[in-house]
Each structure stands twice: as C-alpha cells, then as structure tokens.
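K.L.:
Here is what each chain is made of, one letter per residue.
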Amino acid sequence: MWKIFWRRFKRNRLALFGAVIILSLAVTAIIAPLIAPFDPNQQDILHRLEPPSARHFLGTDDLGRDLLSRIIYGTRVSLLVGFVAVGIAIMIGALLGLFSGYFGGRLDALIMRLVDIMLCFPTFFLILMVIAFLEPNIWNVMVVIGLTGWPGLTRLVRGECLSVREREFVQAAKALGLSNLRIMLVHLLPNVMAPILVAATLGIGGAILTESALSFLGLGVQPPTASWGNILTAGKDYITMAWWLSLYPGLAILITVLAYNLLGEGLRDVLDPRMMAE
Amino acid sequence: MIPLLLGITLITFMVIQLSPGGPADMLTGLSPKVGAEAKARLRHLYGLDKPIHVQYWLWLKRVVRFDFGESFKDGRRVITKILERLPATLLLNILSLLLIFFIALPIGIVSAVRQDSFFDKGMTLFVFLGFSVPTFWLALLLMLLFGVILGWLPISGMQSVNFPYFSLWGKLWDLIQHLILPVFISAFGGLAYLSRYSRASMLEVLRQDYIRTARAKGVPEGKVIYRHALRNALIPIVTLLGLSLPGLIGGGFIFETIFAWPGMGRLGYQAIMSRDYPVIMGVGIIAAFLTLLGNLIADITYAFVDPRISYRQR
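Protein chains in written order, with the working numbering: chain A, 1 to 278; chain B, 1 to 314.
No lab work stands behind these hints, which were simulated from the structure alone. Since the model is a prediction, treat every value here as computed from it, not as a measurement. Please note that the accuracy of each hint is not assured.
Said to hold, decoys possible - Some chain A residues judged to face chain B by a derived CB distance under 10 Å, without partners named:
hint	residue
1	Leu-79
2	Leu-80
3	Val-84
4	Gly-105
5	Leu-107
6	Leu-126
7	Ser-212
8	Pro-249
9	Leu-251
As the list claims (entries may be wrong) - Here are the simulated distance ranges between beta carbons:
hint	chain 1	residue 1	chain 2	residue 2	range
10	B	Asp-67	A	Leu-63	43 to 49 Å
11	B	Gln-270	A	Tyr-238	51 to 57 Å
12	B	Lys-223	A	Phe-83	47 to 53 Å
13	B	Thr-239	A	Ser-179	36 to 42 Å
Said to hold, decoys possible - Just a sample of chain A residues kept apart from chain B, beta carbon distances all over 12 Å, derived:
hint	residue
14	Arg-8
15	Ile-90
16	Phe-99
17	Val-164
18	Phe-216
19	Pro-223
20	Lys-236
Backbone N, C-alpha and C define an ideal beta-carbon position, used for all residues, glycine too.
Let the hints inform the model, and build the full structure from the sequences given.
P.N.:
Put into structure tokens, the structure is as follows:
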C-alpha cells in the first residue's frame with residue numbers, strides 16, 4: 001500500500017513541491033541560529049529602516065534589526081503554532097467524531113448540535129475575545145486556535161465512521177466481544193486516517209494564517225519575539241517609507257501556507273480510496 | 001435555531017466570565033489609590049458579584065429584549081452603538097456576497113466546462129493563492145499600491161473629510177471609492193473558495209446520466225449547461241454561500257480595523273481591546289444572529305432553486 005501511495009504521490013508534482021518547501025522550512029527552523037546572518041533582536045539604531053542591500057539582504061526594520069534574520073526566526077513560531085494548534089484540534093475533532101459516528105443516538109445528536117453552534121460562530125471573533133482576555137502569548141494562541149479548529153473535522157470523521165461502522169470487519173469485531181474503545185481506536189480510526197491527514201495538512205496552513213492575523217493585531221506572539229505577523233504590524237506603520245517591511249514577511253506566510261495547501265490537496269488526490277482501487 | 005442562539009450566548013458568556021481581570025480591575029488597575037473596598041463596590045454596581053448562572057440568567061432576560069446594557073467605556077446603550085455601526089457592516093458584507101456570487105460562479109462554470117484548459121489551470125492557481133494569501137497582507141499591499149503609490153483610491157474610512165459639501169452624485173462616488181478596496185479584500189477569500197467549489201459541483205453534475213441523455217437527444221450545448229446542469233449544481237453552492245457568512249463577519253473584525261471602516265467589526269475589536277464586556281457580548285450575539293439569518297435565507301433559497309425541496313409537512 002505504501003508503494004502505491006508513493007508512486008501516486010511522486011506523479012503529483014505540485015504536492016511534491018509543497019512537501020519540499022515544508023521540509024526546507026522545517027530545516028530552516030531547526031538550524032535558524034546557524035543560517036541567520038544577524039541576531040534577530042540585535043538593535044542598530046544608526047541603520048534603521050535601511051532598504052535591502054548586500055549587508056542586509058532584506059533591509060532593516062524600525063529598530064535597525066536585520067529583517068532576513070527575523071523572518072528566519074519567525075519560521076520557528078509558525079511551525080510550532082501550526083503543529084501544536086492542529087494537534088489539539090485533531091485530538092478533539094477525531095475523538096468526538098469517532099464517538100459521534102460509532103455510538104450514534106443521543107450522544108451523536110448532542111455532539112452535532114455542538115458542532116453546529118461552533119460552525120455558525122464567527123470563529124475569528126471568538127479567538128480574538130479569548131486571547132484578549134487571557135494574556136496574549138504564543139501558548140495561548142496555539143491552544144485557542146486548536147480549541148476552535150475541531151468542528152469541521154468532527155463532522156468529517158463522523159461521516160466516515162457512519163459508513164465504516166456498517167462494514168463486516170466491525171461487525172466481526174463486535175461479535176468477538178471486543179470493547180467499544182478498542183473497536184474505535186484499532187478498527188475504525190485507521191480507516192478514517194486518510195481524511196484526517198488531509199484535514200490536518202490543510203489545517204496547519206489555516207492555523208499559520210490565523211496566528212499571523214492575531215500577531216498582526218497585536219494579540220498574538222508578542223515582540224521582541226519575531227513572528228511574521230508582528231513584523232507586519234511594524235511594516236504597516238512604515239508602509240510609505242519602508243515597503244520591504246510589509247512585503248517580505250507576507251511573502252513568507254504566503255509561500256508557507258501555499259506549500260501546506262498544495263501538499264494537502266495532493267494528499268487528498270492520492271489517498272482518495274475511490275482512486276486507490278485503480 | 002433558538003437552541004443554536006442559546007448555545008452561542010452561553011459560549012460567549014462563559015468565555016467572558018472565565019477570564020481573569022474583570023472590568024473593575026480594568027477601570028482601577030492603573031491607580032494605586034483605589035482600594036479593595038471601592039473595587040468591590042464597582043463589582044456590585046455592575047452586578048459582577050452574583051453567582052455566574054444568576055448573572056447569565058439576568059443577562060439573558062435582557063438580551064431577548066435586545067437590551068445589552070450600557071457600554072463600560074462611555075455609558076451609552078450597547079444596542080445604540082451597534083445599530084449605528086450595523087449599516088456600514090451590512091453594506092460591506094452584502095456587496096461582498098454579491099461580488100463572490102457573481103464572479104465565483106461564472107469562473108466555476110467556465111472552469112468545469114473547459115476542464116484542464118488554460119483558463120481552468122490559471123483559475124486553479126488563483127484559487128490556491130486565494131486560499132494561502134494572508135488577506136490583511138494583501139490589504140496592506142493594495143493600500144500601498146492604489147492609495148500611496150498611484151493615489152487612485154482612499155485608504156481608510158467610509159467618507160472623505162469634505163463629504164458633507166459634495167452633491168448627491170459626488171457623495172455616491174465618494175462612497176464607492178471608499179468601498180472598492182474593503183469589498184474586494186473581504187470578498188477575496190470567499191471568491192477563491194466558492195469558485196473552487198462551484199467548479200467541483202459543476203463537474204459532478206456534468207458526469208450525471210441525465211446530462212448525457214440531454215446531449216444524446218440533441219439539446220444544444222448551451223442549454224444543457226445552463227438549463228440542465230447549472231440548476232442542479234447550484235444547490236450545494238447556495239448552502240456554501242450561507243456557510244461563508246461567519247467567515248465574512250469574522251474577517252470583518254480585521255478588515256474593518258485595517259481600513260478604519262466604521263462598522264461593527266471595528267467596534268468589536270475596540271471593545272475587546274478595552275474589555276468593554278457588554279459591547280463584546282452585544283457584537284458577538286448580533287454577529288451570530290446575522291449568521292443564523294444568512295443560513296435561514298439560504299434554506300429558503302433552496303426551495304426556489306430545487307423544487308424537490310418543500311418545507312410543507314407531508
């Protein structure tokens with residue numbers, strides 16, 4: 001099965017491209033201190049708002065800090081936020097979806113009502129509210145994005161479970177007297193893994209976007225820690241004098257999120273069980 | 001619909017209550033002179049010393065009468081503050097929805113009909129960019145390009161400073177100029193999403209047997225697409241349009257702040273920043289209510305689009 005997967009995946013050039021970018025971003029995040037030309041928090045007031053040059057490839061910001069180094073360090077934030085937030089959302093979403101789809105009945109109705117409520121709530125406002133009340137910092141941002149990101153996934157997993165539940169091997173497992181928990185985790189979960197994986201990949205892109213928007217509004221990662229969103233906040237104030245401060249961090253977000261979206265869509269094509277049969 | 005609304009109010013209420021640092025702290029936190037006694041008095045004044053479920057019940061009783069209390073900041077009634085901001089937000093959102101629908105749908109149809117053509121590939125690329133671009137960043141770039149470099153469009157607010165002195169047409173033109181960037185930006189995400197979705201929906205329908213039948217019996221291709229296929233493809237698209245409302249309204253909080261648009265989103269953002277509880281609650285409820293209303297309208301539109309769906313009891 002992995003062979004089929006890999007063969008199909010290799011043919012999908014865009015997805016491969018996304019995967020390569022994501023891998024190189026991960027490497028960048030890990031070895032950031034080695035490749036960043038300057039200390040990201042080293043201020044140099046004499047050289048503030050310098051346009052891109054041979055010394056500062058992407059220019060400097062309002063405090064004379066090297067923009068390239070700050071963007072490189074910002075990779076760490078976006079990667080961390082993406083993975084942790086989606087990790088939380090997947091845990092909640094998959095679990096609730098499994099319960100809802102497997103047990104059905106009243107529990108199902110209750111969980112689905114909860115999903116409906118969450119889905120018609122303007123999520124971004126909810127996140128803004130919670131972050132504003134708690135202290136805005138990277139941990140709160142990750143947790144809150146995670147806690148609001150599960151409803152779509154719950155619905156997805158539930159739908160898959162409803163059909164898998166009726167299959168013979170689940171009936172057989174029941175007949176053998178396996179516990180419900182075991183049936184859910186060992187027999188149902190692997191069969192709904194593909195849509196979860198796709199949703200997770202796309203979700204990471206979404207979480208990175210949300211984090212950058214929050215940081216942009218001053219409610220996300222707090223300065224001096226560099227995040228792509230909060231570099232843009234400074235960029236907004238100097239937009240007429242220093243275009244590079246507004247352009248490059250946004251470009252970094254765009255490329256990163258694009259990579260996750262390409263990979264996610266690619267995975268969807270590759271993992272689609274209807275196509276597996278080919 | 002009512003249970004949904006109740007659930008939403010409950011979530012909003014709990015979020016606010018569980019947060020540390022009440023409004024009494026906010027009002028007095030900066031002044032060391034204010035003692036614990038004065039704080040307790042303030043808390044009592046705002047009814048914040050009662051148990052949470054009592055506070056919720058008291059609040060809910062007022063909410064059904066659209067009485068959200070008074071703003072902590074300036075003492076004005078919350079519903080007045082929201083009502084004076086609502087038209088600007090509605091204008092922005094309705095125009096965005098129309099833009100999304102009338103641009104995304106044709107894109108989707110043409111992409112599906114000419115699958116894998118140059119146009120289709122270009123649009124797929126656009127869609128991916130649309131999903132991935134941080135819209136607030138795009139807003140900044142467009143402000144820079146059209147507002148600062150080219151100087152064609154105003155970059156913030158809803159009216160020019162000398163608005164009252166314009167003629168009627170001058171006023172309208174001024175408003176349109178101020179609307180272009182915010183409407184485009186707030187429609188952007190939905191545009192990508194809906195064109196992708198209408199393409200998929202259209203492709204699905206074009207594969208159906210009745211389309212083959214229509215073609216086989218010699219119905220002209222244009223009629224096959226617009227009469228037979230489109231009407232069936234529209235059904236899921238209408239749902240999606242309803243579901244895109246929370247995104248639009250949620251996005252409003254950031255776009256309205258960027259463009260200094262005097263709408264509800266900006267009011268909500270400012271309220272959050274100053275912990276103006278009653279205003280936050282009011283904005284949250286109204287936003288959720290608008291969303292539900294949108295879904296209801298989508299449900300009713302179904303009946304027009306799809307004659308099989310009927311809301312009469314059998």
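K.L.:
Give a verdict on every hint.
P.N.:
We went through each hint and held it up to the structure:
1. Leu-79: Where the cut-off is 10 Å and the nearest Cβ of chain B is about 16 Å from A:Leu-79, the hint is violated.
2. Leu-80: 18 Å, violated
3. Val-84: Result: violated, 20 Å to nearest chain B Cβ.
4. Gly-105: 18 Å, violated
5. Leu-107: Violated: closest Cβ of chain B sits about 17 Å from A:Leu-107, beyond 10 Å.
6. Leu-126: Check passed: Cβ of A:Leu-126 comes within 7 Å of chain B, closer than 10 Å.
7. Ser-212: 5 Å, holds
8. Pro-249: Holds - the Cβ of A:Pro-249 comes within 10 Å of chain B, reaching about 8 Å at its closest.
9. Leu-251: Interface hint status for A:Leu-251: holds (8 Å vs cutoff 10 Å).
10. B:Asp-67 x A:Leu-63: 43 to 49 Å: Because 48 Å falls inside the window, the suggested range holds.
11. B:Gln-270 x A:Tyr-238: 51 to 57 Å: With a Cβ separation near 23 Å, B:Gln-270 and A:Tyr-238 fall outside 51 to 57 Å, so the hint is violated.
12. B:Lys-223 x A:Phe-83: 47 to 53 Å: 51 Å, holds
13. B:Thr-239 x A:Ser-179: 36 to 42 Å: Holds - the Cβ-Cβ distance for B:Thr-239 and A:Ser-179, about 38 Å, lies within 36 to 42 Å.
14. Arg-8: At about 19 Å from chain B, A:Arg-8 clears the 12 Å cut-off, so the statement holds.
15. Ile-90: 20 Å, holds
16. Phe-99: Given that every Cβ of chain B is farther than 12 Å from that of A:Phe-99, nearest at about 19 Å, it holds.
17. Val-164: Given a closest Cβ separation of 23 Å, the condition holds.
18. Phe-216: Incorrect as stated: the minimum Cβ-Cβ distance to chain B is 6 Å, not above 12 Å.
19. Pro-223: The assertion about A:Pro-223 holds, with a minimum of 17 Å to chain B.
20. Lys-236: Contrary to the label, A:Lys-236 does not stay out of reach of chain B, its closest Cβ about 6 Å off (not over 12 Å).
Going down the numbered hints, you'll see the structure goes against 1, 2, 3, 4, 5, 11, 18 and 20, while the others check out.
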